[in-house]
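Please model the entire structure based on the sequences and the hints provided.
There are 4 protein chains.
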Amino acid sequence: MDRKVRVGLIGSQFISTIHAEALKQSAAAEVVAVASPTRGNAKAFAQKHGIPHHLTDYHKLLEMNEIDLVVLGVPNNLHCQVTVDAAAAGKHIVLEKPMCLNLAEADRMIVACKKAKVKLMYAEELCFAPKYVRLKQLLDSGALGKPVLVKQSEKHDGPHASHFWDVNRAGGGVTMDMGCHAVEFFRWMLGRPAITSVYAQMGTAVHADKTQGDDNAILILEFANCATAVAEESWTKMGGMDDRAEVHGSKGVAYADLLHGNAIETYSAVGYDYAVEKAGSTVGWSFTIYEEIWNYGFVQEMAHFVDCVKHDKPPLVTGEDARVVLEVIFAAYESAGTGRKVYLPFKTDAAKPFDLWKNRS
Amino acid sequence: MDRKVRVGLIGSQFISTIHAEALKQSAAAEVVAVASPTRGNAKAFAQKHGIPHHLTDYHKLLEMNEIDLVVLGVPNNLHCQVTVDAAAAGKHIVLEKPMCLNLAEADRMIVACKKAKVKLMYAEELCFAPKYVRLKQLLDSGALGKPVLVKQSEKHDGPHASHFWDVNRAGGGVTMDMGCHAVEFFRWMLGRPAITSVYAQMGTAVHADKTQGDDNAILILEFANCATAVAEESWTKMGGMDDRAEVHGSKGVAYADLLHGNAIETYSAVGYDYAVEKAGSTVGWSFTIYEEIWNYGFVQEMAHFVDCVKHDKPPLVTGEDARVVLEVIFAAYESAGTGRKVYLPFKTDAAKPFDLWKNRS
Amino acid sequence: MDRKVRVGLIGSQFISTIHAEALKQSAAAEVVAVASPTRGNAKAFAQKHGIPHHLTDYHKLLEMNEIDLVVLGVPNNLHCQVTVDAAAAGKHIVLEKPMCLNLAEADRMIVACKKAKVKLMYAEELCFAPKYVRLKQLLDSGALGKPVLVKQSEKHDGPHASHFWDVNRAGGGVTMDMGCHAVEFFRWMLGRPAITSVYAQMGTAVHADKTQGDDNAILILEFANCATAVAEESWTKMGGMDDRAEVHGSKGVAYADLLHGNAIETYSAVGYDYAVEKAGSTVGWSFTIYEEIWNYGFVQEMAHFVDCVKHDKPPLVTGEDARVVLEVIFAAYESAGTGRKVYLPFKTDAAKPFDLWKNRS
Amino acid sequence: MDRKVRVGLIGSQFISTIHAEALKQSAAAEVVAVASPTRGNAKAFAQKHGIPHHLTDYHKLLEMNEIDLVVLGVPNNLHCQVTVDAAAAGKHIVLEKPMCLNLAEADRMIVACKKAKVKLMYAEELCFAPKYVRLKQLLDSGALGKPVLVKQSEKHDGPHASHFWDVNRAGGGVTMDMGCHAVEFFRWMLGRPAITSVYAQMGTAVHADKTQGDDNAILILEFANCATAVAEESWTKMGGMDDRAEVHGSKGVAYADLLHGNAIETYSAVGYDYAVEKAGSTVGWSFTIYEEIWNYGFVQEMAHFVDCVKHDKPPLVTGEDARVVLEVIFAAYESAGTGRKVYLPFKTDAAKPFDLWKNRS
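Protein chains in written order, with the working numbering: chain A, 1 to 361; chain B, 1 to 361; chain C, 1 to 361; chain D, 1 to 361.
Hints listed in this document are in silico derivations from the structure and should not be mistaken for laboratory results.
Quick caveat: nothing in here was measured; it's all calculated off a predicted structure.
Some hints here could point you the wrong way.
[Stated by the list, open to error] A few chain B positions that, by computed beta-carbon distances, are all more than 12 Å from chain A: (1) Met1; (2) Pro52; (3) Asp166; (4) Trp294; (5) Pro315.
[Unchecked claim] Okay, derived cross-link-like pairs now, DMTMM-like style, lysine to aspartate or glutamate, Cα gap no bigger than 20 Å in a straight line: (6) B:Lys114 / B:Asp85; (7) D:Lys146 / C:Asp209; (8) D:Lys310 / D:Glu66; (9) D:Lys146 / C:Asp157; (10) C:Lys48 / C:Glu21; (11) D:Lys4 / D:Glu66; (12) B:Lys146 / C:Asp273; (13) B:Lys4 / B:Glu30; (14) A:Lys151 / B:Asp157; (15) A:Lys251 / D:Glu265; (16) D:Lys278 / D:Asp257; (17) A:Lys4 / A:Asp307; (18) B:Lys151 / A:Asp257; (19) B:Lys347 / B:Asp107; (20) B:Lys24 / C:Asp2; (21) D:Lys136 / A:Glu291; (22) C:Lys251 / B:Asp273; (23) C:Lys151 / D:Glu246; (24) D:Lys115 / D:Asp312; (25) B:Lys115 / B:Asp85; (26) B:Lys251 / A:Asp157; (27) B:Lys136 / C:Glu265; (28) C:Lys251 / D:Asp209; (29) D:Lys251 / A:Glu265; (30) A:Lys151 / B:Asp242; (31) C:Lys210 / C:Asp157; (32) C:Lys278 / C:Asp242; (33) D:Lys4 / A:Asp2; (34) C:Lys24 / B:Asp2; (35) B:Lys24 / B:Glu66; (36) A:Lys117 / A:Asp307.
Every residue, glycine too, gets a C-beta built ideally from N, C-alpha and C.
Below is the structure:
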């Protein structure tokens, strides 16, 4: 492709803002349209980000011939339908986590994209976060020996949008929301060996008034290369976003902390605008972060996906990867529901992961 | 008791040196004898630490009327017999982890001490480590709200003494050796609610040439107050001892790191005598620790136990606590052997924890 | 001396509380009396700390035959007279920084103690702080090579007692208050080579409404062994006490932080009793310290001074050391007043250091 | 300008590699030529970086009509002549620190560029380093109150190229090499108030065998807004590059560390390719950095300068700023030579800064 890749955004909330800002930094892309169903949202978004076209119906966006790539920022329960529609319209697709609500949907999406010969690209930004990329290089270089234990955790005090609290719309709680990151992080870090088993500990520790879903979870994964991985996810951790990882190997160990580990250590008696996502007050001590979307890897991720479209390259993270992640999430809820280690591959007809935990028949 | 408490040490290896040094700092105690079976060891130890009497047979030490308290520094498989003998001789007893090899032994020890009206005091030093004591005060004060998740990990690159590698003598691997610390730490931190379940992930990742036992383990405990606890233990982590804890609550979170979190950050092109236990080389960057036995709580622990004897007070950590820890360790090996969450109370006739993991019939 | 060393405290404010608590931890000392002029203060202090005698007139305390050692916690302008009186009464003396108001006073004090054959011991606790003791061992061991640059800073948001703000009573500002610590720290760390020059930058940056004295200062010292030392002192730094040191040598470097570098990292939405001296609010992030008086070295310092009296040993820090510190402080104010490096030895008849800065004639 | 800005690089060593890599990330620039006098260097550089033209004589490069902007990576003693030549050829200029050898040269350069109506842009990358940019935003937002003390230090174990050790070619030692960064950092951070005085402490502590220049220095600057600034520079600090800054204000304080404060904390028993600039061995503990040129601000700096040329905007850092920095450096050497605070403006005919220190007549 000799020209810039033309992008349509579907969605106008938190994550779509990140997409728009990340795409602005890509010289090879231009965002040409945004679609959002609530009257006024797409228009305001388009004005704010200098996007020429705005629509309320995403089907109209898919009809725009000039668009090469659509980036989805819609609720989980719409992922499947929008993906299938986009594939039918011949658009390449960038999809956020979690892939969709269940494995049948996942299969439909993969088949639809394969048939339409469009790329289904899975936006696991941790695989592009520059500190974690360096961590993987350390492991790949042999600096740490054979991996023994890999850890990753993501913690904050609860999601931005209300639909996350409704297990019927979200499919699950914090494991569904943030466990996805950890699972693909582990696979990528370890070179994608098969996952052989999953164990999960889940609880609704603080937000039982708001959700039936899990607000704290621990996942233990075993890999075919004998490494163990531990994920910690929380929707109850105050004091701002926490995202950190560790790799323990037979010859060494490495600790990488994306937020506190990069921050300016600040004390302010009067406070200021913003320290970090979900930080709460900035009066007193805080950990001031900078250039968040670059440091999380969103810029690098979008540049990569645009490059994949422009030069017809295979993406680093695919729909097939997203399906494995979803399978692990289902297995995790099964484990939480049974108190047992669940071996993979795991097949299930459950409509959503949550049904395997508290709703077991 | 109007005079100093008179102490006899049984053992002359690594941990007995710590006992002797900790007791030197207690104005209320004097060490009057040491017993160690290998010819020459007790004598050398006594000379080094200025102890008046040295013996090869611990029975002779137990016969010394002037001794009030014995502190055991012997292999795990001797804990039961020496304790029973000491109780019969009317001595108060300080016992290191793990309590003994199995639950039948534990019961014998508790009964023997109760019958003899001597104190059975369990030396879980983490309950006295000043940073962790402060952490508990934070939690108890309400600063962190209701506890949701408590974590503790202890990691180094393998034990000092060779008998740890032999599962027949040690009873298990790293879970048996260091998981004990975590379990009692969690109970103490949370105010000793009942433990309702245990899950364990174990592996022999690096030292399969030396041991059949676990050299890496993850434990997940559920408590009756709904808190979850996660322990990580490792015998494969290079770069020096690591001991850290976290308390996540409904109103806050606290991170306490005993080693890196207290150290002098040092770069030396030429190296020096000692950075921290099991640090390996001190050339290049290292994390220099200071006053280790004070910071681990050994001094405070011994002062407490001596005070309990002197003023007939109940110890902070008892033989009953030690038995709960051992029950959890057995349950952990059962879990690792079955891939299931094990509910407590857990009864077993197993001769040692390891038999429930790889040796299951 | 076969019995405990009997101690009298003169003073009942902040520092005397630290003295009392530190002395409680010394098995070789007992505090037998406290004197404080304000009616009721000594009595309340004695009750709180279990001290048998309390007096309003320190002369009465000096008349008590059973007292071996007096520990002074009085304003700077009384140091000389009380020391001279105590020496005349045959008491050994522990003196806080700064030694006194001027060099003539310092000479009187040294002569009085020498003549009376009593020990004049200078309470520079940084020479006993266990982390800094370890730092000195690193340097002495050769781990860092030849010292090139030594740094120490002490910063908080202003002194406890109001007399510190009055340059006529205090003699100076933050350099007089806290620069003393740095100067003796440098001398001790480097093995007490001669100081060849002093340069000082002083300012009244924030508290001009309260004081004419310096509330921020930078000192640069040159030593006869060619090392340079830099001290930073501040009475305007919010967020809690800061005390840290660095040693840069030809073969390495070491960083030691007494407060943030030892703390529990805490987030509390509701706050708690105490994080660290002068921390302000504990709502939000804070750095929780533990066992402060031990970690600052007060316990070890008092134990050492008591031991010096008990066994007639030379103290680690003497009146002569205190006089050198005071000479450097005078030279620093001279430098701030002239904008020049001041070479040592420095002689001056100034009544107090402050007179050499803003009050120059 | 509707097209890309066409850039010529003069130089092919360490800093020119950084320029080339930073410019590759700018969508608005293309590097069209490189000039370097040593036969083969320019060619190899051009091949490595995909640059179409390479030359040995920079005059030839200046004759290329298509070039808009030249970026200089030449020894300090050539800065003046190449700048004057480039201005005469109508090229915009990016200049590295230090601006040149003396103030007469600086004036010639400024006049030449003014006359030729080309931009003289001074490449102080710290003004673009994203963590420091965030630090400035904190200060500008009022979060820290009125600035009282600003600190910045840069330390490593010695320069890359041999000409730095020769004071005749370099003009001075570490103050000339790295003090430049600190001075402009302070001016930028504080909003460029006038500097009223400079004091400097310099020494040749470790490398007296290699250089007469200063290998360690402390600078104290006073600003017209009453803030004080302290710079520490070292060519003797082992263990890898150190670059950190602090802003202490009347309402708060902030600490920013570019290297250790962003790193992966790594232990490797076997070592690996690269931890950080001048790290030495990577066996044992190291602090692994990532995306250095982005984190130092080189990418953002070049993008800014290219944008200034493309859209005819005033650069953030100019030749006039560079001249102030050089004036401060001269004043610093004067101060080191006299032991006095030097007040600004400072005029001197000295041929190079070093002459004011050890070579004073």
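Q: Run the structure past the numbered hints and jot down the numbers of the failing ones, going up.
A: The structure conflicts with no hint, since it agrees with every one listed earlier.
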